[in-house]
Amino acid sequence: MSKVIGAIVVDIDKCKGCELCVVACPTDVIDMTKEVNAKGYAYAYMINPEACTGCSHCATVCPDGVITVYRTKKATA
Amino acid sequence: MDLKDIIKPENLVYTKTKNMTDKELSYCPGCGHGTAHMITMEAVEELGITEKTIGVAPVGCSVLAYEFMNVDMQQAAHGRAPAVATALSRVMPEKVIFTYQGDGDLAAIGTAETIHACNRGENIVIIFVNNGIYGMTGGQMAPTTLMGMKSSTSPYGRTAEQNGNPLKMTELVAQLEGTYNVSRHSVHTFKNVKKAKKAIKKAFQDAMDKKGTQFVEIVSNCNSGWKMSPVKSNEWMEEHMFAYYPLGQIKKDGVLVNNSNQN
Chain A
1 MSKVIGAIVV DIDKCKGCEL CVVACPTDVI DMTKEVNAKG YAYAYMINPE ACTGCSHCAT
61 VCPDGVITVY RTKKATA
Chain B
1 MDLKDIIKPE NLVYTKTKNM TDKELSYCPG CGHGTAHMIT MEAVEELGIT EKTIGVAPVG
61 CSVLAYEFMN VDMQQAAHGR APAVATALSR VMPEKVIFTY QGDGDLAAIG TAETIHACNR
121 GENIVIIFVN NGIYGMTGGQ MAPTTLMGMK SSTSPYGRTA EQNGNPLKMT ELVAQLEGTY
181 NVSRHSVHTF KNVKKAKKAI KKAFQDAMDK KGTQFVEIVS NCNSGWKMSP VKSNEWMEEH
241 MFAYYPLGQI KKDGVLVNNS NQN
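Protein chains in written order, with our numbering: chain A, 1 to 77; chain B, 1 to 263.
Hints may contain errors.
Below, computed lysine-lysine pairings styled on DSS-like, alpha-carbon distance capped at 25 Å [stated by the list, open to error]:
| id | chain 1 | residue 1 | chain 2 | residue 2 |
| --- | --- | --- | --- | --- |
| 1 | B | K202 | B | K16 |
| 2 | A | K3 | B | K4 |
| 3 | B | K201 | B | K211 |
| 4 | B | K16 | B | K198 |
| 5 | A | K73 | B | K201 |
| 6 | B | K23 | A | K39 |
| 7 | B | K18 | A | K14 |
| 8 | B | K202 | A | K14 |
| 9 | B | K211 | A | K14 |
| 10 | B | K8 | A | K14 |
| 11 | B | K23 | A | K14 |
| 12 | B | K227 | B | K202 |
Taking CB as the label site, the calculated pair distances span [to be verified]:
| id | chain 1 | residue 1 | chain 2 | residue 2 | range |
| --- | --- | --- | --- | --- | --- |
| 13 | A | A38 | B | D72 | 29 to 35 Å |
| 14 | A | I47 | B | T137 | 37 to 43 Å |
| 15 | B | L3 | A | K39 | 50 to 56 Å |
| 16 | B | V91 | A | K74 | 34 to 40 Å |
| 17 | A | K39 | B | N258 | 27 to 33 Å |
| 18 | A | E35 | B | T21 | 26 to 32 Å |
| 19 | B | M1 | A | E35 | 24 to 30 Å |
| 20 | A | E50 | B | Q140 | 44 to 50 Å |
| 21 | A | V4 | B | V91 | 26 to 32 Å |
| 22 | B | G148 | A | D13 | 37 to 43 Å |
| 23 | A | D31 | B | V63 | 52 to 58 Å |
| 24 | A | P49 | B | E235 | 25 to 31 Å |
| 25 | B | K198 | A | I47 | 29 to 35 Å |
| 26 | B | K194 | A | T27 | 16 to 22 Å |
Simulated from the structure, these hints should not be mistaken for lab results. Ideal placement from N, C-alpha and C gives every residue a C-beta, glycine not left out.
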């Protein structure tokens, strides 16, 4: 298990649903929603948030720059 | 851990650069132009030259680049971006000038301007986005369209007899004395984006140091023009575009690199 945990925030209104982030994610965190945004595109969301390591692969390949990535150390419980 | 504990300003790893405006990009979903814009502006930000950078926008899909890049921009007539950039860099030598052009702009109508600007060794950065098709006007054949590739003006596929051979602009300008760094990259995977960004950053640095013309080609997809989904178009690009347009450094610090491989 990795020692870090990450999370992404998607700018839903600007996401165009190209799915490049889904392919880019090495830990299969991202999927597309069934709902659509105001423009009619399905948008990205975290289907598997525990697996996110905050590597920012998704945000780097996102052509529209709609993904913001956060990362922190896992709380030792 | 709760999402609230992760999503805090101090944990921020990546966000859209401030050198891009908040305007929504006009490109199709999955188009490589967006990523190319982003890394160009990130390179400018990291070098701390936002205030003294002037970009020249082309005609084509990226005609509205001045709306998205938060630096000083100038619009050029179709294909004439290197000529406008030449003037800007000569009148204001303290500024860093770059052009951002597509293949229809740079390799078709602007071939003469491009070659002569490179041959004169103007201290500018040329970013050339090559997707092998005229995207904005509806997927017509470009000089860079691959052999056998179907487009709206080559519905049976491009042939050498009828349409000539695809133009390798980057190899062409690498032969000229004036160019300093010439390389070809892509922006479809994390690794390639990082490589492309590094090359663009070096290009800006060397243009600032007045070492000659810097030429960075970015092989991109055009999912609308190629009639594929964004993910499929990237796969197709890896398979077909990279075979004819191999990625890698072609000229480094004014010296031609022999091996034209390294993916």
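Any of the earlier hints contradicted here, and which numbers? Of the numbered hints given earlier, those the structure breaks are 5, 8, 9, 12, 15, 16, 17, 21 and 23, listed in rising order.
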